[in-house]
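Student: Chains as they are written, first to last, in our numbering: chain V, 939 to 1226; chain G, 9 to 324.
Do not rely on the hints blindly, as some may be mistaken.
[Claimed, not checked] FRET-style restraints, in silico, Cβ to Cβ:
| # | chain 1 | residue 1 | chain 2 | residue 2 | range |
| --- | --- | --- | --- | --- | --- |
| 1 | G | A178 | V | Y1104 | 57 to 63 Å |
| 2 | V | T1103 | G | Y44 | 53 to 59 Å |
| 3 | V | G1106 | G | I102 | 51 to 57 Å |
| 4 | G | S165 | V | L1058 | 33 to 39 Å |
| 5 | V | F1199 | G | L110 | 56 to 62 Å |
| 6 | V | R1128 | G | F191 | 53 to 59 Å |
[Claimed, not checked] Covered by chain G, according to a simulated footprint, are these stretches of chain V (three or more residues, beta-carbon under 8 Å):
| # | segment |
| --- | --- |
| 7 | 1074 to 1084 |
| 8 | 1120 to 1131 |
[Said to hold, decoys possible] Beyond 10 Å from chain G on every Cβ pair, some chain V residues (computed):
| # | residue |
| --- | --- |
| 9 | I976 |
| 10 | A997 |
| 11 | I1008 |
| 12 | K1022 |
| 13 | G1042 |
| 14 | Q1052 |
| 15 | R1060 |
| 16 | S1070 |
| 17 | H1097 |
| 18 | F1099 |
| 19 | R1101 |
| 20 | R1110 |
Treat the hints as calculated values from the structure; they're not laboratory data.
Computed from a predicted structure; not experimentally measured.
Ideal Cβ positions, reconstructed from N, Cα and C, are used throughout, including at glycine.
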Amino acid sequence: MRPLAELATPVMMGILLGGLYATIALGLSLVFGVVNEINIAHGDLVILGSYFGYVASTALGIDPILSLIIGAPLFFALGFAIQKYLLNRAFRISMDATLIIAFGISIILENTYQLIWTPLSRGLTTSYSVESFDVGTIHVPLVYLLDLVVAIVVMFCLHQFLRRTYLGTAIRAAAQDWKVAQLMGINTNRVYALTFGIATALASISGVFLGLTFPFTPVSGMSFLIIALGVIVLGGLGSIAGTFVAGIAFGLAQTVGGYFFGVAAQMLVAYTMVLVVLAVIPKGIFGR
Amino acid sequence: MVARPRLQGRLAPLSAVVVILALLPVIGAPRLWLLYLFLFFIYLALANMWNLLAGYSGLISLCPAAFVGLAGYTMAILTWFGWPYYVGIILGSIAAALFAALISVPAFRLRGIYFAIGTLVVPEILRYVFIIWVPVGKPVYGGGAGYTVKGVSDVASAQTYWLALAVAVASVVLMRYILRSKFGSGLAAIRDNDVTAAYSGINVFKLKLYSFVVAAFISGLAGTVFYVYQGYIEPASAFSVQWLIVIMLATVIGGEGTEEGPLVGSVIVVFLYFLLARYAQISLIIQGVILVVIMLAAPQGIIGFIRKARRRRSLA
Chain V
939 MRPLAELATP VMMGILLGGL YATIALGLSL VFGVVNEINI AHGDLVILGS
989 YFGYVASTAL GIDPILSLII GAPLFFALGF AIQKYLLNRA FRISMDATLI
1039 IAFGISIILE NTYQLIWTPL SRGLTTSYSV ESFDVGTIHV PLVYLLDLVV
1089 AIVVMFCLHQ FLRRTYLGTA IRAAAQDWKV AQLMGINTNR VYALTFGIAT
1139 ALASISGVFL GLTFPFTPVS GMSFLIIALG VIVLGGLGSI AGTFVAGIAF
1189 GLAQTVGGYF FGVAAQMLVA YTMVLVVLAV IPKGIFGR
Chain G
9 MVARPRLQGR LAPLSAVVVI LALLPVIGAP RLWLLYLFLF FIYLALANMW
59 NLLAGYSGLI SLCPAAFVGL AGYTMAILTW FGWPYYVGII LGSIAAALFA
109 ALISVPAFRL RGIYFAIGTL VVPEILRYVF IIWVPVGKPV YGGGAGYTVK
159 GVSDVASAQT YWLALAVAVA SVVLMRYILR SKFGSGLAAI RDNDVTAAYS
209 GINVFKLKLY SFVVAAFISG LAGTVFYVYQ GYIEPASAFS VQWLIVIMLA
259 TVIGGEGTEE GPLVGSVIVV FLYFLLARYA QISLIIQGVI LVVIMLAAPQ
309 GIIGFIRKAR RRRSLA
């Protein structure tokens, strides 16, 4: 076993990486908490965000992060449409129906990316994507730091939005009890579509930062979906704070696990941690 | 007590079809036909088992790939230790069943959608395990721990065809039997409301466990026979989500929670493969569109749609 003093690097990287995982999982967590559906296509929507950043930076020469100014509203509209025209209908059929339809959307998206962008691995390269700085003896890539900063900013904004705005209150009401919310004059179908739109806009943000951090392929969506699912069940489905804490925990398990058992085993350690925690507390750390 | 449909009756046409299918390789049917039929048998067995779990036991299990891959790997590794492949088929399927029993303890604590997520993670974990763990010899295929299945190069394609047919028939007969037994009624009660089922004296955990283990065993059989045919196995495809896509598609198109659903669905899925074989990517996009459209237009699948139409006509 290697000396514990070197542990500082994996711990630092794990926390920063956890920020990215939390951002990816946030949209999924929001949709689950409010609409009570598991959006299997979330990972693919995140990857769509990465490809959006890719197209913006290669074809149009726009910085991928700046491109989100146009990207996030576009993604919002896309998510709104998916929920309004597909999932809201499925909702009335059964829980399985929404799951299976989202699965269908995921298959469609993945293979459309393969057609358009080929199965090659892509990455977002910018002037700052290779930069890094030193904290004491630890070497930190700049994008990893951005991942955590973005996670905190996005979480804070979402929290404030849900607490302080009229729409946010409506969303929380629909999440608590949709029947009563409807009796209070809230159009729950509209609230669901708006929520899904917000979640998809969050997916575009996380997608761009994912593209800056890791290379991605058309089928990466599934692996990041599984990571995000691990994160939200770990944190307790539908809890924002839980998602953040679990994201960091997942990132830590991955990097620290990789440090002790080798890079090949790092995801294995993280998933095993998820299963063990679930077996002990089936509703997650912050579960209701 | 509700009268259960009798087990006899309508078995004659089924056996006739089976005999004809079994004779196909002997009378020299084109190889391509046999290949598509082989796939049909494998998918039918897997879809039947998925239907048993999702349609009849209320367990939306997203881990059929875990059973297929684990059984396939067990078989492949056993052949490296000098065991014949047919022993590998049995032991591999038993390994899948034991694995199902093992994960059922934590998994059944999760209900409904939580269970679905929990099981989706399982094949992912196994994939990493088999990428890292090299149980025997030097792996041959694909960088990771891919293995050739030894001693199957001289197995005639007709033999794997018959094996697959046998597994498919076994799964159909088993479903017939289960759905007409007390076990099936108990499962339906759990699916509709597990708390009420528990109050009426049904041992919920035991029944779920039985159906999970049975499904794992039959899925394991189908998986091992598939890998005997393919001749090699590697982690990325063995534990791929692709298995789940095909099985779910077959069951949903045909009709989840109907006995004939997986049969009709598997025919359509294999037929789609045949039609769209040349357009790999577009084929998958079309499959995704079909999945969405069917779910919105006819959530009970084709069989459910026919039943509804029939009922309406009889009322008119």
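Student: Next, verify each hint and record whether it holds.
Tutor: Comparing the hints with the structure gives:
no.: 1; hint: A178/G x Y1104/V: 57 to 63 Å; in the structure: holds, 60 Å
no.: 2; hint: T1103/V x Y44/G: 53 to 59 Å; in the structure: holds, 56 Å
no.: 3; hint: G1106/V x I102/G: 51 to 57 Å; in the structure: holds, 54 Å
no.: 4; hint: S165/G x L1058/V: 33 to 39 Å; in the structure: holds, 35 Å
no.: 5; hint: F1199/V x L110/G: 56 to 62 Å; in the structure: violated, 22 Å
no.: 6; hint: R1128/V x F191/G: 53 to 59 Å; in the structure: violated, 45 Å
no.: 7; hint: 1074 to 1084; in the structure: violated (count 0)
no.: 8; hint: 1120 to 1131; in the structure: violated (count 0)
no.: 9; hint: I976; in the structure: violated, 6 Å
no.: 10; hint: A997; in the structure: holds, 22 Å
no.: 11; hint: I1008; in the structure: holds, 26 Å
no.: 12; hint: K1022; in the structure: holds, 13 Å
no.: 13; hint: G1042; in the structure: violated, 3 Å
no.: 14; hint: Q1052; in the structure: violated, 5 Å
no.: 15; hint: R1060; in the structure: holds, 17 Å
no.: 16; hint: S1070; in the structure: holds, 28 Å
no.: 17; hint: H1097; in the structure: holds, 24 Å
no.: 18; hint: F1099; in the structure: holds, 26 Å
no.: 19; hint: R1101; in the structure: holds, 27 Å
no.: 20; hint: R1110; in the structure: holds, 21 Å
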